[in-house]
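> In case you want the letters, here they are:
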Amino acid sequence: MKKKKLALRLAQILVVLVGISFVTFLLTYLSPGDPVRNMYTAAGIMPTEELVAEIREELGLNDPLPTQYLRWLRNCLRGDFGKSYTLNKPVTELLLGRLWPTVKLTLLSMGLMLLMAVPLGMLSAVYKDRWIDYLVRGLTFVGCAMPNFWVGLLLMLAFCVHIKAFPVISSAGDLRSIFLPALTLALAMSSKYTRQVRTAVLEELNQDYVVGARARGVRESVILWRNVFPNALLPLITMFGLSIGSLLGGTSVVEVIFSYPGLGNLAVSAITSSDYNLIQGYVLWLALIYMVINLLVDASYGAVDPRMRAKEQIR
Amino acid sequence: MKHRKTWLALLLCAALLLSGCAGKQGEAKEETSQKVLNFGCQMYDDGSVNTAMAPSSSWNCMRYGISEALFRFDDNMNVEPWLAESYTVNDEHTQWVITLKKDIKFSDGCPLTPSSVKAYFDYLKEVGPGGSAKPQKYLEYEAEVTADDAANTVTIVTSKPYANLPGQLAYPVMAILDVEHTKDFDNGAIGTGPYMIDKFNGVGVGYDMKANPNYREKVPYDQVHILFMGDASAKTMALQSGQVDLVENITNVSDIQNFQQDANYTVDIASGVRCGFSWMNLNGVLGNKTLRQAILMGIDNDTICSSKTIGGLYTAGFSVLPSTLSYGYDKLVNPYKYDPEGAKELLDDAGIVDSDGDGFRELDGKKIDLRYVSYENRMLNDFSNAHMQYLAEIGIACTADFGSSDDQWSKLAAGEYDLNNNNWTTVGTGDPFEYMANWTTDGTYCGYSNPEYDALYEQLKGEMDAEKRAELIRQMQQIVIDDALVIVDGYYNSSMIYSKNVGYAHIHTADYYWLTTEIVPA
Amino acid sequence: MKKKNFFLAHKQFTFFLILALLIILGAVFAPVVTGGADPLKGSLTEALEAPSRAHIFGTDKMGRDIFTRVIYGARASLSATFGVVALIFLVGTAAGVTAGYFGGWVDGVIMRVADMMLAFPGLVLALAVAGIMGASSRNAIIAIVLVNWTKYARLSRSLVLKIRDRDYVSAAIVTGSKTKHMLFSYMLPNALPTLIITATTDIGGMMLELAALSFLGFGTRPPAPEWGYMLNEGRACMQSAPWMMIFPGLAIFLVVVVFNMLGDSVRDILDPKEA
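Chains as they are written, first to last, in this note's numbering: chain V, 11 to 325; chain H, 27 to 548; chain A, 743 to 1017.
Hints listed in this document are in silico derivations from the structure and should not be mistaken for laboratory results. Be aware that one or more of the hints could be misleading.
[Claimed, not checked] When the alpha-carbon atoms are kept at most 30 Å apart in a straight line, the in silico DSS-like pairs for lysine-lysine are as follows:
id, chain 1, residue 1, chain 2, residue 2
1, A, K783, H, K393
2, H, K392, A, K746
3, H, K151, V, K93
4, H, K151, V, K99
These figures come from a predicted structure and were not determined experimentally.
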């Protein structure tokens, strides 16, 4: 991607981030609980009304919304996301501690998803309306309809308890611990993605150039790998980028089920204890991760599709 | 180019595999030559071991084998010396001279001296007011502590007589830490116990512990991995799959029964000195006594405790002290036996009726909606759900507020609840004295103030005769019952379950002691 | 007569439509289906019983009949799901049509807001909203609507843009048709088929999202019956009482399958070239 386009994208990300930060801040501002009271309650102390009023003044909670927002934003830019009431530690520290496990889980899930969805989707498209197509379509249909936490629970029952292949509490962070959570996520995502791969490849296969190539006697496998697949990559990458959002959201559920010490798990307990600072931090960080990944995905368009590169050169 | 994407994916997986394996390799080498125990347990108070700040944290510290107190309890709740060697007390019970054992060291190598004991007590005085542990309940702040390092004695002079100071000093908050050298009280406390913290793995995850090289006996395990587990099924599955070797308190009846019948596991059960009960907040709508009485009459404790859900893990009862203890339970009278029709009548007569036809009663024109705070521990949420079900049948609405153990405690301390279910050790210091402080004007968390009760409590403070104490305590129990202050869940029977990897483990009556040197590898 | 032929011709659609209607009727007439049992009442003497003649899906920890709770749970799940889909449909379409028709800064603002929402991983924002506003069924719905309306906005906007510049539209403007008339007579009818297809196929997806929120404990509160929350309750008794987990999960699965198939059939009818 050319520098100008990159800069434009980064600016876009910034704008969106600001917007998101405002939305999350607004949510907290509108929330029914009182942050000062929450802070004291979390320490087991019942504050008097005067104390609450005093602290509110001190923390600047009576200032108008824009002032509070800007102050909060300035702190965020300095890396200070506030302190978690319940855990008594800076939010940044807590989030950083859990960041790498979630990233690991996401990466492994993405890898597994690609490994499963792309081959199956292609097979299903190539052998359209044959038994393998029906099998794949049936399986993916079932897969799309199953709640991912149910799948996780069933997998846990089968593989952790009955066949003792994997640990129940996935806190060790090694491959064996991560595998089942990643598999759960991947299964849920690949059901949808396989169908999308199939559609994309089918569209390509119906193109005129394929008919032409076949007529010229080019071998099927060559057509598939040299022409169809690369052309299908573009929509595939787009759809992949879109599915990452679901993936990141799904980590929260899966981490809870498998007791995996990631961001999602932390977020869920933060939400249970109404720890607003932590929730805000979580939302912002995840939005950032999501956008960075999408940026990378977009950047790969240029590498994948020479037409995109050509377009830029012409401009 | 066309295979680039696939290569990228494969590369990622390979990287992960390598990082995963590399991480585990170091540990694997150690495990083969060292004795390691994997212990699964519930996380309390976010795993903090800060003894001075919150009761649960002090218990964590002692349970994980980090800290030891001057005294401890045997399985009949009698006090015996621990870090102390012996003690003498004057007739007025105001001056105690405690002789420490010789040659005890903290895990950092510093010796345990009377000065370090005094330093710890001074530390409690300093930070106690800022937390919720209330150390003054065990040793008043006014007490004078003198350390004589030469004679190896600590002398404590109290302003009021204590019937049983050693019992008070056996409470986990009073366990001795090396105040001088502990930097991180939350997750790095230094004590004299057999195990010490190697690494805190994070809230919700656990600790890596290692043997205290300076312990006075041989420590059976070189390493202990403490893994926090949220619920009974997690503990059961972790034990079955071999991920842990020992767990405490599986609160699922059929799981326990399965383990009992399986020769590969051993189940050790101790009968209850714990009482599960729900506070009723008198500072809210439950200040109305008729309402409280009706609530008690509407709940069938016996059925709940004998159901498959609770299945005998709790023994039913109506007093805040377990029936197994000798404080006159059989002489107590329960005026609010299960009688749902009677409860409805009582409410109707008091004018607490359902005027708008939604099936739930109103008080002073406002619908009664009790906020029920509870947390998932020892089946408290099941009791809370059961209570809500029974209360719905007599027309009282409740809203569930189930959170973490931390939430439950902080909401209790801050008074943000109508009903708050929790689980207490009743004879925490061998004597129900400071447990019964829960209903004194100064010590209560529910807004109760009864001069009669306070008077009995004051009397109890100064009464040294065991029989007279038992009688005072019986009267106090009856007041709590008559004033309908709590919903008693029952008396909990705690358990420890372990696999063949563990040679022996034992759950004590006082469940402050989990990781002791009794637990040995197979 | 024509109607009957329509239904006979599209057998798949008819079949799944009937199934969907049966599910909805079952939820509406829950008291009839369950023979008057109360999903909130239970007797602890009957707790954790395996499926039997008296309780065909078994009982849960509080002795409540799971079959009754599953049927009544359909009410909560279905009403919430339809609420979500209706709302995102209405809000999204309104926003998108407005943006597409008026263009200019209106378009810019609406689309930037949509972009922003799109930048959120869906469940994450839903969790945040539910967490900050408090756990309840209503907040869960709001949360999911906030995240998912953008799809409809984009869709309707692009459809509107496609026809905005057509001749007949220009002609209508020249002859003085009012904006409202334009929107409702021209823009909407063109956009409607695609939107309906999307909405029907979304029912399944939204139901899964709502169930996920409830599973984590941020949707309906106990003791109200709701499938996601029932799965949460069943998690603790997974080994000893697996029926607590199996039947609610199965219910979610079956309902999502039916509505997904319905959505597919609707697409086949309204837009056959997509098949």
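> Within 30 Å, alpha carbon to alpha carbon, are K392/H and K746/A?
violated, 55 Å
> Between the alpha carbons of K783/A and K393/H, is the straight-line distance 30 Å or under?
holds, 21 Å
> Need the status of pair K151/H, K93/V: alpha-carbon distance at most 30 Å?
The given pair, whose Cα atoms are some 27 Å apart, holds under the 30 Å limit.
> Take a quick look at whether K151/H and K99/V sit within 30 Å of each other, Cα to Cα.
Between K151/H and K99/V the Cα gap is close to 24 Å, so the pair holds against 30 Å.
Hint 2 alone, counting from the list given before, is not met by this structure.
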